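Residue numbers (the working numbering): 3 to 139.
Derived from the structure by calculation, the hints contain no laboratory data. Treat the hints with care, as some may be off.
Claimed, not checked - Taking CB as the label site, the calculated pair distances span:
hint: 1; residue 1: Asp-31; residue 2: Ala-104; range: 43 to 53 Å
hint: 2; residue 1: Ser-130; residue 2: Val-75; range: 17 to 27 Å
hint: 3; residue 1: Ala-17; residue 2: Gly-138; range: 34 to 44 Å
hint: 4; residue 1: Ala-64; residue 2: Met-128; range: 25 to 35 Å
hint: 5; residue 1: Arg-35; residue 2: Leu-8; range: 34 to 44 Å
Being a predicted model, the structure only gives us computed values, none of them experimental. No residue lacks a Cβ here, since even glycine has one placed at the ideal position from N, Cα and C.
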Amino acid sequence: MHTKTLAQLAAALRAGDFSSEELTRAVLDRIGRLDGQLNSFITVSEERALEQARQADRRLAAGEAGPLTGIPVAQKDIFCSDGVLTTCGSRMLENFIAPYDATVVERFNHAGAVLVGKTNMDEFAMGSSNETSFYGP
Numbered sequence: 003m004h005t006k007t008l009a010q011l012a013a014a015l016r017a018g019d020f021s022s023e024e025l026t027r028a029v030l031d032r033i034g035r036l037d038g039q040l041n042s043f044i045t046v047s048e049e050r051a052l053e054q055a056r057q058a059d060r061r062l063a064a065g066e067a068g069p070l071t072g073i074p075v076a077q078k079d080i081f082c083s084d085g086v087l088t089t090c091g092s093r094m095l096e097n098f099i100a101p102y103d104a105t106v107v108e109r110f111n112h113a114g115a116v117l118v119g120k121t122n123m124d125e126f127a128m129g130s131s132n133e134t135s136f137y138g139p
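Between the sequences and the hints, there should be enough to build the whole structure, so can you do that?
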């Protein structure tokens, strides 16, 4: 599934080729296999993602799907996600749990996307090569 485009995944979800929960589990499994080498994720939100995927499957079954309903996405760790660790790649925020959703996160949620986690980044997004993250390059 990881070689398909977003449009192909959305069409397959709507056609019932697989469920959002199956797709999300495949993405989470891939993260689990590869992230030890890549260090791409600061936070993986497995339980939250699977619950969002189940909700997406219910919306898909009811014909109430938005444009991204059931599509797993990752967001840079600079965007606040209510109840999720948000560090901005900084030691200073290593224990900060966001109390609200940033506008971009609200829009992804409204579109039905499934948040699988927060990706690594330069501290406070002050760079472009991911060399200054507290969590390593």
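> Quick one: are Arg-35 and Leu-8 within 34 to 44 Å, going by C-beta?
Replying inline: About 21 Å separates the Cβ atoms of Arg-35 and Leu-8, which means 34 to 44 Å is violated.
>> Range first: 25 to 35 Å. Now tell me if the beta carbons of Ala-64 and Met-128 are that far apart.
In response: 44 Å, violated
>> Does the beta carbon distance between Ser-130 and Val-75 stay inside 17 to 27 Å, or does it fall outside?
In response: 21 Å, holds
> Holds or violated: 43 to 53 Å for the Cβ distance of Asp-31 and Ala-104?
Replying inline: For Asp-31 and Ala-104 the Cβ distance comes to about 28 Å; the hint is violated.
>> Between the beta carbons of Ala-17 and Gly-138, is the distance compatible with 34 to 44 Å?
In response: Since Ala-17 and Gly-138 have Cβ atoms about 40 Å apart, the given range 34 to 44 Å holds.
In terms of the numbered hints stated before, the structure departs from hints 1, 4, 5, listed from lowest to highest.
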